[in-house]
Structures are given as C-alpha cells and as structure tokens.
Amino acid sequence: MEIDADNLSATELRLGLPGTSSGDDGCWQKKPSQPGVGGTKRALDDTRSEASGTSPAAAAAAGDDDHDATAPAKAQVVGWPPVRAYRKNTFQAAAAAAKKAEPPQQQGGGGGLYVKVSMDGAPYLRKVDLRMYKGYRELRDALDALFTKSSAGAAADGGDQQQHAVAYEDKDGDLMLVGDVPWDMFVSSCKKLRIMKGSEAR
Amino acid sequence: MGRGGSRASPAAAAPPWHALPDEVWEHAFSFLPADSDRGAAAASCRSWLRAERRSRRRLAVANCYAASPQDAVDRFPSVRAVEVKGKPHFADFGLVPPAWGAAAAPWVEAAADGWPLLEELSFKRMVVTDDCLEIIAASFRNFQVLRLVSCEGFSTAGLSAIASGCRNLRELDLQENEIEDCSIQWLNLFPESFTSLVTLNFSCLEGDVNITVLDRLVTRCHNLKTLKLNNAIPLDKLANLLRKAPQIVELGTGKFSADYHLDLFLKLESAFSGCKSLRRLSGAWDAVPEYLPAFYCVCEGLTSLNLSYATVRGPELIKFIGRCKNLQLLWVMDLIEDRGLAVVASSCNKLQELRVFPSAPFDAAEQVSLTERGLVDVSASCPMLESVLYFCRRMTNEALITIAKNRPNFTCFRLCILEPHTPDYITHQPLDVGFSAIVESCKGLRRLSVSGLLTDNVFKSIGAHADRLEMLSIAFAGNSDLGLHYILSGCKSLKKLEIRDCPFGDKPLLANAAKLETMRSLWMSSCSLTLGACRQLARKMPRLSVEVMNYSRGACPLDSLTDESPIETIYVYRTIAGPRSDTPACVQIV
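So the protein lines, in turn, are chains A and B. Numbering (UniProt numbering) for the first sequence: 1 to 202. Numbering (UniProt numbering) for the second sequence: 1 to 590.
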C-alpha cells in the first residue's frame, strides 16, 4: 500500500511524547483511498481524530481551548485514561459550548469581573474579581480571608464561620444561593455578592 | 448422553434416543439459555450437531476474524439474528490503527446470499459502509432490527437506504457511531405507511433533523417505546414529541439545555407527567438545574438513568437522583462527587449497576471531590450492586477491602485510578492487597479492570482466585514476567485479556501458549515482547492468528527484522479462518 506523503503529520497518532521524532508512521496516516469511502470522509475523519485528543500532537493542533491548562504539565499518554473518544468529544464540545455561551456582559470588559461583596454587619463593602477564582471553593476561601478580620467581634464562638451563607444577586435581580449552578454560569450571571448570617439564610 | 433412566421399560416400547426425529431435539435445544450450551450439545454427537445447527436462530460472532462469514452461513443456515464484533476493545481508546480492518461488508454480502430471512443485524466496532446499508435494505424482506454500536464508515445516505427500504423495521439503534452527515434528510424517507417502529435511537447523529417529519413519524408509530434524540432537538420540541408518544419507555433527551423560562418549564413538566411508562432516561444535559424539577414526576418510575454525558452538577442533581428510588442502573459524571454518591447510597437501594465517568480526565488541576469514599458508601448500602465502573483519583487498600466485604456479589468490577502507578494514598503501598480482597471475596467476578500501583503479587491472587473471570484489563502494572505467568497459568475461565504498558516479556507468553487457544483474544501493547517470541508462538500454535503492529516501522516487512526486534503491539486470537488478508501496512501476521 502506498503511503501518501501529503498526509499532515498533525493527524498522526503516536505513542511517543510530544517532541519526539515521528519515524515512518505509515499506518497511522489516513490513506487517501479506501474501499467504499469518498473523499469528503477523509477530511471529516482527520478533524475528528484531531478533536478526539488521543495524541498529544493532535490535541495541540486542535487548539483545545476548553481546558484552562492548554499545555498540561505532563505529556498525555495515548489512550489513557481509558475514556472513549466519543465521550471525550462530547464532553469537550459541551464544555467549549458552555464557555462560548457566556454572554460577554462582564463589567470592565475583557479583564476582571469585579463585583461588590457585602456582609451583614460589616461596616463597609469589598470588591472581588470573580475571574481570579477557578471554582466555588476558592471563592469561599477568599471571602473568608476578606471578612474574618472585620467580623472578628461577631465570630466570637469560632463555629460562626460555617453559619454564614453566601448569596448573590443575578442579572434578573433575584437573590440566589451561591453554589447551585456551574461555576462559569455563576460568573456570567453574578452581579453582587452578599454574605448573610446563617439565621437569615434559612 | 444418557440422562439417567427414564422408564425401566424394555427398548421395544419407546424409540431409542438416537432415533428420535430432529424436530424433538430442536425443540429441546430451544430451551437452552446460552449459545455455549447449544455449542456443547452440538459437540456431543452428529445427530445433535445436525439438529442444533439447523435450528439455531441467534448467532453471536464475538470476533469477526475467528471464522469466515461463509463458515457461519454454512454451519447455521436458519439464523434470523446475527451479532458480529470487530475491533479489539482498546480501539475505543485510540490504540488500534484506524485502517486496522473489521469490515462489515463480507458479513453483509454473505448474509444477503445465505440468510435471506435474516431479521436482525448488529455490528459493534466495525466499519460499516453505505454500500453495506444499501445491501441490507435490499436483501432481507423481513428485516426488523439494525443495531450499530461504535461503528464508522457510513453516512446519512446509508440511513436513507434503510429508512426507505426496510418496510418492517422495528428497531434502528445507533449507539456512539461516527456518522458522516451528508445533509440528506433520511428521516423523510420513512414512508407515510410506515408505522412499525419500536426503537429509534439517533443520539449520535450530529446533523439537524427535520422536526416536523420526526413529529409525524413519532405520531404514527404507536408502538414506539424507545426514542433517543440527538443534540439538534431543542427543549420545546422535546415537549411536543413527548405529548405525541406518552407510551414511551426509554427516552434520550439529546441536548437538554436552554435558558430558564417558566413557560417552557411548565410545558416540559406537563409533557413528562403524561409519560406514565417512562423507565429509562438519558441525554447530554447541559441543563440549567432549574429544569430538573420538570422530571420529578417520572423519577419514582425510573429504573435506568444515564447522565454520563450530562455536565449538570450541584444540589439540584443530587436532589433529582435522590428521588429515583427504584434505580437499577446509574451512569453519571464524577461531578456527582462523594456527597452525591452518599445520597445514591441511601436512596437507591435497588441499584445494580453504577458507572462514574471522569469529567476532566486530562486536567489534573480540575479536582472534583470524588474519592474512594463514594464507592465505599454505595457498596455498603446497595445490596444488589453487582457491576461497577469507577474513575477516581485516589484509593486505599482499606477501602477496597471494605468494598469486597460489603459486596461479594460483584460480577463486574472496573476501577480506573486516573494517574498510572498511584499507590494507596495513605499508606503509599501498592494496591495489591485491596484488589486481592476483591477477587477472593467476589467469587462470581466475570470482568475486572485493575489500576494504580500494582506488583506481581496481585496477579498471583487473581490467577489463583478469579475462577470465573472472563475479561481482565491491566495497565501500568506488575514488575516482571511472573505477573503475566500467574494470569495465564491461572484464571480458568479467561476469555479476553488486554494489557498495556506492563513489563511482561516473551517467556510467560510462550510458556502458556496453549492457554491462548482457550481464550478469545489477547492484546498486549507497550510491553517487552520481541518478534522472535511472536514467531515461535505462531509456529507452535497454528490455530492462533498472531498480529503484530509496529508503528514506528510502518510498512517495514517483518522478514527483514531479527528475532530480537522489540514489538510494540500484538493481538492474538484463535481462528478457524486462517490469516486474514485485509491488514493495513502496519499490521502484519506472523
């Protein structure tokens, strides 16, 4: 069988780490003709094999922008973890769609997304940049750090910290409990944060 | 052959066993539950062979290269339902070259010729072309069921042929296939007179579908029980469809996502409340959690819930699952976390199968709080749990021992710790002891996947105790040849063994060559095999096909390589069909 020299090396699936030389990976390159399959199928297959991310080279070529860490610290091993390409495709597509679906309504366009944070009983408000955090845990930790000093008086009995509920005002003006929706959705819809005393929150 | 004395009367009164007409034996064989039982009966004498093969109606070919299509047609002339599987399991993870083989065409052609009364055809991990689908549509006048799982090579043009040609089609079940979209409105091609559909699953199709046509199809197919939609169907159309098919038993919602609108919510809620028979639910839910309550009315009746493509997380998800008290099957993403699994444990006591998939398999930074804790909880509280697939990042021997003690009734235990070589995170020991507990306790275990840091010791246990084990998957484990030797010299019932990235070499393979003929197949990639061993194996075992794949050498002919050349991948399987002739350049048969 002929090996088509025009085949893009990006569609090669390899076992090696990215950066190692390819050698003659004839069999991994898409053959130009296959019984019963038309030309358009080839192109479609190539994009699919790129999107499936089963090789480090292909993943980089496809420009995965749905993971924050586009260049993971470790090299990906081919076929590990054992997740079907079909499953990877759909999850990555969903994550990408979710990111793209975020309406660009952030204040201060492009960079930070600063929202006011009020705490019941605190003398003044703070501002936090929601884009600084990767998830709810980090946000909670940051809020704890911001407000422990000012509420030192109120939090006399130690266990008080957990009784605070964090709520936010969304774009419709409703007061919502933080933590229900996916993080990205929260970031795009949150206009203000409010830390409430446990007794009020229930 | 004797089944013990029936009557003590002399031979003259009743016909001797061997003179009973075939029809009697055919009728008797129809009660045998498994094909293997029928095969055993057929092997006992010629008359039983004759009776069995002529009355066989269902045929399952687990490896399309184990026998030729003509062999199958010749031996079983009256088959009505055939299932053929092609590529090795690791093809799912990209370890098999794309042009490896497993073409469905020879099977379709042989079937068209030899089984004109064929009613059901099922292909898994095979290359099915549009030509194949056209032949199917044209050749079998009573064709009823087409099931394609993890296949590729066809397009919506092929589906059009099926839609227009198969007058009696009951089931069109397309699961996780790569289907090219030719923008042909294949759904339109079901004739107006066509009403026999019971199952329609096109969830893997990427293109658009004409909603009006779908609506008409659903309306006129009164027996429709399974409907699985693709991502192109928006939520409000889903509500309309459901109203046309309230008898639905299994529903795949496709892309369940939209901004929250109260009127759409109410519409959905009302539509679902009409579906009194709904038992199985699935879909790619990017759902806003606010929509989940629309399902509350069906939760109680659900026995199967597949949210493994759903990116929903948080309390709403947990509340939803917590209402599904009759669940037998649950597939979720690890976004459910330990706290969600705790709710599953307390609410879903009838659970039989649990699968937890990784939401961010390649992103170690994206930590989700799913640990061994979740699996321990579920194993403790779900007495009927027998099948598990669990992806997580950490595990302990203690947890595995607890799980083994809780659930000796496991038949399938697949644990995948995402990072290779991960030890017990508390003691930093290998997980040998934990997995040994599993195989010692679960005497009925048929399928096992191991992961984490493992030495040869775990394989000693598996070889010694896993008597019923049929399929074993090993990756990044073991320290020497002994590991493989323990497996191949033990595991009495082993049928499929797949190994990657383990330090197993030639010796145990050659020492246990005979074992390989009792198995369906062996896959070994990135181990320590040499070409010489492959040659020896092929010489010693003529009824095995030894396929060698060497990626970095491409089409380099094996003859020019020495015995010491390392081999990247072998795939060995028993066959009566001899070496296949459709290998691509990088696959060579030794």
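Everything labelled a hint here was simulated from the structure, so no lab data went into it. On a predicted model such as this, the values are computed, not experimentally measured, just so you know. C-beta atoms are modelled at their ideal positions from N, C-alpha and C, and glycine is treated no differently. Careful: at least some of the hints might be erroneous.
[What the hints assert, rightly or not] With a Cα cut of at most 30 angstroms, we get these calculated DSS-like pairs of lysine-lysine:
#1 Lys191/A <-> Lys325/B
#2 Lys492/B <-> Lys460/B
#3 Lys319/B <-> Lys171/A
#4 Lys540/B <-> Lys171/A
#5 Lys192/A <-> Lys325/B
#6 Lys171/A <-> Lys237/B
#7 Lys325/B <-> Lys267/B
#8 Lys540/B <-> Lys496/B
#9 Lys197/A <-> Lys540/B
[Unchecked claim] Non-contacting residues of chain B with respect to chain A, defined by C-beta distances greater than 12 angstroms in every case (computed):
#10 Asp74
#11 Pro191
#12 Asn240
#13 Arg313
#14 Glu398
#15 Arg414
#16 Pro420
#17 Arg500
#18 Asp501
#19 Lys515
#20 Asp559
Right, here's what the structure says about each hint:
1. The straight-line distance between the Cα atoms of Lys191/A and Lys325/B is roughly 38 angstroms, outside the 30 angstroms bound, and the hint therefore fails.
2. At roughly 13 angstroms between alpha-carbon atoms, Lys492/B and Lys460/B fall within 30 angstroms of each other, so this suggested pair holds.
3. With a C-alpha separation of about 25 angstroms, the suggested pairing of Lys319/B with Lys171/A holds against the 30 angstroms cut-off.
4. Taken as a hint, the Lys540/B and Lys171/A pair is broken in the structure, with Cα atoms around 73 angstroms apart against an allowance of 30 angstroms.
5. Note on Lys192/A and Lys325/B: the hinted pairing is violated, with a Cα-Cα distance of about 38 angstroms set against a maximum of 30 angstroms.
6. About 27 angstroms separates the Cα atoms of Lys171/A and Lys237/B, which keeps this hinted pair within 30 angstroms; it holds.
7. Taking the CA atoms of Lys325/B and Lys267/B, the gap is about 25 angstroms. The hint holds against a cut of 30 angstroms.
8. Between the alpha carbons of Lys540/B and Lys496/B the distance comes to roughly 20 angstroms, so the proposed pair stays at or under 30 angstroms and holds.
9. Simply put, Lys197/A and Lys540/B have alpha-carbon atoms about 78 angstroms apart, too far for the 30 angstroms limit, and the pair is violated.
10. Against chain A, the non-interface label of Asp74/B holds: every CB pair exceeds 12 angstroms, the least being about 25 angstroms.
11. For Pro191/B, the condition that its CB be more than 12 angstroms from all CB atoms of chain A holds, with the nearest at approximately 27 angstroms.
12. Once the 12 angstroms rule is applied to beta carbons, Asn240/B is consistent with being away from chain A; the minimum gap is 24 angstroms.
13. Distance to chain A contradicts Arg313/B as a non-interface residue, since its nearest Cβ pair spans about 6 angstroms, not more than 12 angstroms.
14. At the 12 angstroms boundary, the C-beta of Glu398/B stays outside the reach of chain A, the nearest C-beta of that chain being 23 angstroms off.
15. The beta carbon of Arg414/B sits about 9 angstroms from the closest Cβ of chain A, which is not more than 12 angstroms, so the claim that it is off the interface is violated.
16. Distance check for Pro420/B against chain A: the nearest CB is about 7 angstroms away, which does not clear 12 angstroms, and the non-interface claim fails.
17. With a least beta-carbon separation of about 7 angstroms from chain A, Arg500/B fails to lie farther than 12 angstroms from that chain, contradicting its non-interface assignment.
18. The non-interface label for Asp501/B is inconsistent with chain A: the shortest C-beta to C-beta separation is roughly 8 angstroms, within 12 angstroms.
19. Distance to chain A confirms Lys515/B as a non-interface residue, since its nearest Cβ pair spans about 25 angstroms, more than 12 angstroms.
20. The claim that Asp559/B lies off the interface holds: its Cβ sits roughly 17 angstroms from the closest Cβ of chain A, which is beyond the 12 angstroms cut-off.
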